[in-house]
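Novice: For chain A, the structure is supplied; the task is to place chain B on it using the hints.
The chain contents come next:
Number of protein chains: 2
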Amino acid sequence: MTNTKLQAFIPLFYLVWSDDLLTKKEFATLQQFIHSQDWLSTEEKQELLSKTSISNPPSRQDITDWKNKIEQTIQEHTAVKSIFEIVLALSQNDATIQNLETSFVQLENDLGILGEEALSNFRTKSETLTVTHHTDANFDVQKLTSLLDGEQATIINKVKAVISQPEFRLETTTDINFYRQKVYYWCKILADENLGNMAYPKQYGGGENIADYFSIMETLSYHDLSLVIKFGVQFGLWGMSVQSLGTEKHYAKYLKDIGSLKLPGCFAMTETHHGSNVKGLETTATYDHETQTFTIHTPHPKAQKEYIGNAALHGQMATVFAKLMIAGQDYGVNAFIVPLRDENGVVLKGITIGDCGHKMGLNGVDNGTIRFDNMVIPKENMLDRFASVNEEGAFESPIPSDNRRFFTMLGTLVGGRIGIPRSALAAAKTGLTIAIKYSDQRRQFGPEGGSEVPILNYRMHQRRLLIPLAKTYAVHFALQYLTQRFLKKTETEMQEIEALAAGLKSYSTWSTTAILQECREACGGKGYLSENRIDALKNDTEIYTTFEGDNTVLMQLVAKNRLSEFRKAFGEMGSFGIINYVYENAKSVIAEKNPIAIRKTDEAHLLDSEFHLQAFEHREKTILASAAKRIKKLVDDGLDAYDAFNVVQHQMIDVAEAYLDRVVLEQFQIAIAAVKEPDTKQVLNRLCQLYALSQIEKNKAWYLEDNYMEAVKTKAIRKMVNQLCWDIRPDAVALVNAFAIPESCLGELV
Amino acid sequence: MTNTKLQAFIPLFYLVWSDDLLTKKEFATLQQFIHSQDWLSTEEKQELLSKTSISNPPSRQDITDWKNKIEQTIQEHTAVKSIFEIVLALSQNDATIQNLETSFVQLENDLGILGEEALSNFRTKSETLTVTHHTDANFDVQKLTSLLDGEQATIINKVKAVISQPEFRLETTTDINFYRQKVYYWCKILADENLGNMAYPKQYGGGENIADYFSIMETLSYHDLSLVIKFGVQFGLWGMSVQSLGTEKHYAKYLKDIGSLKLPGCFAMTETHHGSNVKGLETTATYDHETQTFTIHTPHPKAQKEYIGNAALHGQMATVFAKLMIAGQDYGVNAFIVPLRDENGVVLKGITIGDCGHKMGLNGVDNGTIRFDNMVIPKENMLDRFASVNEEGAFESPIPSDNRRFFTMLGTLVGGRIGIPRSALAAAKTGLTIAIKYSDQRRQFGPEGGSEVPILNYRMHQRRLLIPLAKTYAVHFALQYLTQRFLKKTETEMQEIEALAAGLKSYSTWSTTAILQECREACGGKGYLSENRIDALKNDTEIYTTFEGDNTVLMQLVAKNRLSEFRKAFGEMGSFGIINYVYENAKSVIAEKNPIAIRKTDEAHLLDSEFHLQAFEHREKTILASAAKRIKKLVDDGLDAYDAFNVVQHQMIDVAEAYLDRVVLEQFQIAIAAVKEPDTKQVLNRLCQLYALSQIEKNKAWYLEDNYMEAVKTKAIRKMVNQLCWDIRPDAVALVNAFAIPESCLGELV
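Protein chains in written order, with the numbering used here: chain A, 4 to 753; chain B, 4 to 753.
Calculated directly from the structure, the hints in this document are not laboratory data. Where a beta carbon is used, it is the ideal one built from N, C-alpha and C, also for glycine. Among the clues, some could well be false.
Stated by the list, open to error - Which chain B residues stay away from chain A? Per the calculated CB distances, all over 12 Å, these:
(1) S39
(2) H137
(3) Q617
(4) V650
(5) A714
(6) P733
Stated by the list, open to error - Simulated coverage check for chain A against chain B, where a stretch passes if three residues somewhere in it have a Cβ under 8 Å from a Cβ of chain B:
(7) 131-142
(8) 172-180
(9) 352-361
(10) 518-528
(11) 543-552
(12) 559-568
(13) 705-713
With the rest of the complex left out, here is chain A (with noise of 0.2 Å):
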């Protein structure tokens, strides 16, 4: 084509034949594009269409060299911004061309051609946005990882320290019972090193030191899941229902040697037909007053033990849960000290043990059932702190209600879910360094000729990795907060306590499911092969959302507990109540319900604070009055209220999750507030407008129904939000190093 009007043609020629998406059809389109071109010359269209022939292709040459004509002229012409543009300049911007940009364009399009895209493909993008955005911290590591630790940085660092050493190398093995040694020698060296003990009290040889013990679960998480489980049922779960449930004889007994791990023992609460619903446990303790003792036995196979940590191999002792029965008649479940196996290891008589088999994870635990056979115990096993059977033989407590007592129990127990959610988070942690880590390094794709692009440029993947990236910082300082409370705990408290807990295990649990399951998706191949640490992660941390508690029944009780502090303020929900809750809601809602805050985008406000707060709040609240109205319209309306729990349970989960949110966003703020040094603030700043935007993005339907906001604005948070996500993105790498992970734990892909 040495004709220089006939070079306008090069572009389509060179796109139709390289691009993979076209077909016959697109060249008969071609074809008569040509055929209709009057300005052409017989010979001229024959030249043309010669180009155009299914059977009959250009040459490699050709096409190497339009390829390089089109490159050319985009070097010349750098302003170019359609393909029109290069078709006007390869004709040399001739005047029958100028005047057919209408039909050019529409034959582009005719033939499905993305031209921005067709376009892009020809520059040497080396220095395009994407390509060029890189790793560069713009903060002190190690005052925002010293921030994290707080008071606790010196427990974590015996730990980190414990954790790095030769001997406490990654298991690999698919052996279990190699496995379950391994993780039990683990233990042992940590109860060597006074890690286990740390909660008990100093005259049992412990540390008392409950936040240090906190610390240590979430620090062990690093490392393998396993040993943290199985440290924290021997310690805490065995240690601690000893500690909360008993009384000094039993702690003068026992509490040094579980503390050294001399004494295994279990925790044996779960049977097979009751998990969740503990107080329909089936195991009875029938007390004889003659012999002073109780006999401990399981009526029916679905009433045994299951599930049980430490059962299958190591435990020596039982605390276990059963239904006390004196003189026939139903105390209501009570915890009792049972022996299983002698110090050899060798099981009772009057006790069977299963082995509850290969598992999705933890397998380097040794779950079991145990099943009792009329075992007898003698009187002093009960562990008697909450209820005992006196010298007469008669039941005595100082909580008469056997409903109320059993949740007194329970609420002793509530430290497992305090230790539960940080060592989930501890694991989200791990698996978001080892994904942010590779993606930073991991090149795929990139501009034709160009380098490819660390993959952590890409808009999807900074989307699936920085929004959780927020979030576990937000979860960080809410589970701080938690511990806090719990440490400084007031008996008046303890409900409030209490539902936090749940509701905050159920969050970071399913928190840290669904970012593992991001993370393993991210690291596409990588992130499936087992050396990698996310296989693991992601299998050990799955049954977190439903030991210690069943995390949708949790969240359930979160939102009773909630229904019922609303009742406290606001009152029955008859028409007065109504109008006292919309009036106290009202005043503060008047302000950020207007019609020009409802649409209101400019940078400042989507980034504000107090905004994110308050739209949290008020999510909250409406929320919150809202199930309490549906639940009372149900009853009036003759509904069953048992069904009418039913029916809103949906809600239910919906006020539970409001209210975590607010919680988790508030102490993530008032923990910045409390940060001097200006770089950390700023970080943590972008990340907490994340975590705020985010769960705003993530509930938008809830906030256009309510007419909190109109589409404007919620369009305008999802732009937001990416690009806090670009913004963030050359902090990411430095803001996983600040976890300060041992390297040890990170597997084989960073």
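Specialist: What follows is chain B alone, placed relative to chain A:
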């Protein structure tokens, strides 16, 4: 309390002493209340106050008596609806008490008592809706099974019979070596049954039945997924790559032995540094005209082949994708048959095999790495359907563009993107069968005094399992449609079918990942035990979202295809194009978006299939146009196109999702329209309604932002989703029974 007036306090006393949520503060509230009642004498006040002293609680007998009195009252006055009505009855309708309603109710509120729930705990609830709801199939299960299996019923039943044999007892070993050999042994049996070569031409011993081949893949997926993948690697990837990319000489030489598993082989495409971006592969195949050979070489360690199934142990040959180099010139990626091991399994010189080791799942598949050290192969080993080296040693191809040829080659391999989503579908069916049958049997919690309730009667549980059940049915019909389109494909349709396959691969595999997550949680601790199968289903399918193309990358390909189609239909998004589009769209939307329609909430409308499809189509079209406009605007504003596509990446996923949602709904509706049998039709219709409305609910933020629906309508849809779950629940077990999954594949739980 013989004084009947005082009996009015019994309900409050009982509640404060038995509720686990009340603390000192609430007791003080109750005491204050008693003090403030002027109508009580000092002695009466004393008597009442004596029942509220924490230091001197009532006896167990007191509490039991109170409870009995309350229960008796309720039995005598079945219409009571509030705590106060019991108060009144107990006081024998005392006139003073009658006037105290407001203050008693206020007290109840101040104590935070959830009256409805408290009241419900006193009733015998054997008759509530939640308790009595149960399984009761309303259709003929076998007829539905026949409908699902269709023309492939014979082969499906054959495969089910094979995998139900004792040799196919599911493997529980954690020993990778043993497991890999077992899976190989299973594959051998399947090959002997002529199941592996089902898709190959008859002249090479095959069954020449691609439809049956896909059904074999899907049905095998009820069994062990390692087996499916090993089977798919051998007969699908390895065999079909020879068939699709090779020519007659290769068929004659290899196909029979591949189909009989005499010649185990690999599909060696992915490299460590290049997975999704296959075009960037770095392995080279250098032609030497003198010796008439190619030299296959791995230029650096990160260019090794990775994750290659059949490589670590069994593969004797591989289809290797490598850049063809002739006389120093790069001719793009082409495919070559390269021997790896001799017949005795000894690795050949020039080949280095690595083992990917333990993975999150699919441990019965021997994935490995392959490195080539100047491995020389004869010229005839080039799979030369689309490109070859001629007698003069020059490159030849009917497709001159390397880019286009590469995508044409890949296009012939699209079958994998049908097999995988169908395998994922089967895994979802298995998981749902286990979880739904378990939830129908598993009872937990229930009204006080009544029996416990099957957990599938709880709303949250229904939402967790029945919405996924509806989606699984929807995906079933969509994948049937995809398979039919593929079987009857013409060249013009190939782009559309490739996009559809890429999209449905993502849609189905993501769906399965999410569904199995719900199944695991819905089965609680039981779902965590390996013996119950969800472990394996979840971990084995986890990689489905990554292999055969990372889902996020595939969804962008789908979106680009949609954008390209859009441009063909509506032209350049200049002002003219937009007007044109708005006009086109307005014609159909004008009726749907009128002020009445956007608020319409009557049941007939909400359940109307036409409304569903219109809503899906509207979303699809609008999102697509919006993405096109946005890209155009970003480029017009000066952003580099490469960056512009990154900015809208999030929207691109939405474009693809909305498209796939519409296809899935449309095909579900079309399939139902063809059903004649009324009971089957009805139950499928309900599932389709649930699928449609739950997807709208999921996307309601979009509908609200677009003003296609107002809040009143989205809220009504949420209620209808819940109602449909409730209505489908009695059929749920029958609906999973209709999948007719062999008992031996369902684990120990059901």
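Novice: Hints first: check each against the structure and report whether it holds.
Specialist: How the hints compare with the structure:
1. Once the 12 Å rule is applied to beta carbons, S39 (chain B) is consistent with being away from chain A; the minimum gap is 17 Å.
2. No beta-carbon of chain A comes within 12 Å of the beta-carbon of H137 (chain B); the shortest separation is about 15 Å.
3. With a minimum CB-CB distance of about 20 Å to chain A, Q617 (chain B) clears the 12 Å threshold, and the non-interface call stands.
4. The claim that V650 (chain B) is not at the interface with chain A is violated, since a C-beta of that chain comes within 12 Å of its own (minimum 7 Å).
5. Non-interface status of A714 (chain B) relative to chain A is broken: a Cβ of that chain comes within 12 Å, the nearest being about 4 Å off.
6. At roughly 16 Å, the least C-beta separation between P733 (chain B) and chain A is larger than 12 Å, which holds for a residue marked as non-interface.
7. Judged by the Cβ-Cβ criterion of 8 Å, the segment 131-142 of chain A is covered by chain B as claimed, because 4 of its residues qualify and three suffice.
8. With 4 residues carrying a beta carbon less than 8 Å from a beta carbon of chain B, the segment 172-180 of chain A meets the three-residue requirement, and the given coverage holds.
9. Coverage of a stretch by a chain is defined here by at least three residues with a beta carbon nearer than 8 Å to that chain's beta carbons; for the segment 352-361 of chain A and chain B the count is 3, and the condition holds.
10. Coverage of a stretch by a chain is defined here by at least three residues with a beta carbon nearer than 8 Å to that chain's beta carbons; for the segment 518-528 of chain A and chain B the count is 5, and the condition holds.
11. Check on the segment 543-552 of chain A: 5 of its residues sit with their Cβ under 8 Å from a Cβ of chain B, so the three-residue criterion for coverage holds.
12. Note: the segment 559-568 of chain A has 5 residues with beta-carbon separation from chain B under 8 Å; the three-residue rule is met and the coverage holds.
13. Judged by the Cβ-Cβ criterion of 8 Å, the segment 705-713 of chain A is covered by chain B as claimed, because 4 of its residues qualify and three suffice.
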